[in-house]
Each structure stands twice: as structure tokens, then as C-alpha cells.
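Protein chains: 2
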Amino acid sequence: MRPSESTRILGIDPGTRRTGYGLIEQQGNRLRHIENGVVITNSKAELPVRLQEIYCQLSTIIEQFQPVVMAVETVFLAKNAQSALKLGHARGSALLCGMNAGLAVTEFSALQVKSAVVGYGKASKEQVQQMIRVLLNLPEPPQEDAADALAVAICHAHSHALNDRLQQTALRRGR
Amino acid sequence: MRPSESTRILGIDPGTRRTGYGLIEQQGNRLRHIENGVVITNSKAELPVRLQEIYCQLSTIIEQFQPVVMAVETVFLAKNAQSALKLGHARGSALLCGMNAGLAVTEFSALQVKSAVVGYGKASKEQVQQMIRVLLNLPEPPQEDAADALAVAICHAHSHALNDRLQQTALRRGR
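Sequence lines, in order, name chains A and B. For the first sequence, the positions run 1 to 175 when my numbering is used. For the second sequence, the positions run 1 to 175 when my numbering is used.
For the record, the hints were derived by calculation from the structure and aren't laboratory data. Some hints here could point you the wrong way.
No copy labels: a pair is met if it fits in one copy or bridges any two.
As the list claims (entries may be wrong) - In silico SDA-like links for lysine to any residue, alpha-carbon gap of 25 Å or less:
| hint | residue 1 | residue 2 |
| --- | --- | --- |
| 1 | K44 | V69 |
| 2 | K86 | A101 |
| 3 | K79 | K122 |
| 4 | K44 | A104 |
| 5 | K125 | H33 |
| 6 | K79 | R8 |
| 7 | K86 | E53 |
This structure is a prediction, so every number in the text was calculated from the model and none was measured.
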């Protein structure tokens, strides 16, 4: 990526009830906050309807803000089989939405995300929210799900920037 | 539903690796087999790519055969959290595909499906396959995942036919 180019990254924290989203713009090492929020589905609706709500609302956000990357946290340890099943449905909706909109979809572990944002892997929800506020220069910490979504977007940006630096170093050494 | 009207039902047995599908046509109490098969995803591909493969292939099947209903089995007991998460992703893909194509999406428990097809809830995979062969007058039992998909489609047809009969009885009594 050349220094003048900017990339819009959409981070997602999926859930059948609440799906957090966070948009940032990366230009070189600089990150700019664009938007964040939470898609809330109708708790009285059937599961297929709720999955479509997630899909449609994320599609609208993608159309409006035109990100080129979607970053989502991977799940290694779910509480139990029933909550894992629910989470799987919501994640599936979000991932498909990104794929069908032609975005590059990347996944990061919770450890990678927390390390990228707070500096260590066992950070609390509140620490993530506070660090997001500082890193993106926000007037106040974002809502919990939106903060997690912004965190995975930042994680993608950092890993992308790191890859760029490694490639540039390799190029210089090759000369 | 009037006796002359026919309904095409698409049954789905979702999985990240193999998703069974089965199409039947219901006309009154008669069921006719239309098509069955298995969508197999690339085992070396990343999860988002595999979810899109399921979505795209099911979309093609819906376009080709024009069902009006999608029936999918609900999951109450997954083996463990990790397999539940995987299954959730695949189910999410299938349900979304049905919703986005404008189909009525219905869900049935494994108990309902086996009871509708074999007559009791603890039937084996082989018993389901054999009963599907008999009920749909097929030359040989369908592949396991396709048989499960046809079974949930038949379950929908039976519950639909039962609802019709109940409605007709209520109408006659009301006269």
C-alpha cells in the first residue's frame, strides 16, 4: 500500500441479538474513525428473520460506507454448544454478507485482537473500550459491542501495516 | 391449498463440508420426488469461502427448481461447542439463502422429522434412507445427507397437509 492510499475496514462483532460494527480508515500508520454502532434484531422474530435482519442491515452499511475489508473475530471457546450454535448462525450471516458484497474477509483470534489494541491478550471489556477511545480519538468510549468491532478492525489495520513494513524491508534487503 | 395446487418444497440438511438437499412436489396427499443431492465444499478453502459456496449452490438450485418453501432441521443437541459453531455457520448460510430468495423458511426438530418419515423418533440413518426410498418410490435409497434433506421436506409436507385437514374440519364444523 502506498502512503497516500487509504483503506476502509469494517470490523464486526457478531451475535444473533446484537451485532456490533465499527468502520475505520487506514492511511499508512494513521487510523481514522468513520462510524460505529450496533445492529439489534427483533428478539420476538424467528431465527431466519433475525439472520436476514443482520444481513440486510450490514449490507446497507457496506453500501453506504464502501469498506474494502471485513474483519471478524474467530471463536475458539464458546460457553456451551447452544450458545456456539447461535453465534455460528450470526457469524455466518456477517461473513456471507461480506463475501457477497465482494469484500476481503479476514478473521483474527480474540488474543490477536486484544494484543493489537490493549497490548496483552487478557484485557477486560472496559480496557478495550477505553483504548479504542484513545486510539481513535473519540469523545467517549463506544458501546461494548461496537468497541469490540472497532478493535478487530484496528487489529486488521495493524497486521496489514506490519505486513507492509515486512515487505518493504524484504524489498530493501533484496536490492 | 386446493387439491389441484402443487407446492415445491426444498429440504436442507446443512453442514460446512456436506449440505444435503432434497426437492419434492406436494399435490394434496401425493408427494413426488423432483431432485436430491449434496453440495460439497472445498475442504481446503477458508470458512467464509465455504459458506459462500453453500449459499451460491443452493441459490442456483432454488433458481432452477423454483421451490416456495425451505424446510430445515433444528438442532437441540450438538456434540460439542466447536461442532455446534461450525454447524451454526452452515445453517445460517442455508437459512439466509432461503430468506433472500423469498422462500417461506420452516424449521422442524429431529423428532418431528423422524416421526413424520419412519413413525418414531429414534430411527436410524439407514431406516430413514429406506423409508425415503419407499415413500418417494425411488429405485434406490438416496445418499445419507440427501435422505435427511428429503426427510425434512416430507415432514413439512405432512404438517402442511395436517394443517389443511384441520382447517377444513374447522370450516365444516363452523357451517
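Give the relationship of K86 and A101 under a CA distance limit of 25 Å: within one copy only, between copies only, both, or neither.
both (23 Å within a copy, 22 Å between copies)
Evaluate K86 and E53 at a C-alpha cut-off of 25 Å and name the case that applies: within, between, both or neither.
So K86 and E53 pass the 25 Å test inside a copy (15 Å) and across (21 Å) alike.
Is the C-alpha distance from K79 to K122 at most 25 Å within one copy, between copies, in both cases, or in neither?
within (17 Å within a copy, 28 Å between copies)
Homomeric proximity label, K44 with V69: Cα distance no greater than 25 Å:
between (32 Å within a copy, 22 Å between copies)
What label fits K44 with A104 when the C-alpha limit is 25 Å: within, between, both, or neither?
between (33 Å within a copy, 17 Å between copies)
Treating 25 Å as the Cα threshold, decide for K79 and R8: within, between, both or neither.
Classified as neither: same-chain Cα gap 32 Å, cross-chain 39 Å, threshold 25 Å.
Please work out whether the CA atoms of K125 and H33 approach to 25 Å or closer within one copy, between two copies, in both situations, or in neither?
within (19 Å within a copy, 53 Å between copies)
When each numbered hint is compared with the structure, a violation occurs for hint 6 only.
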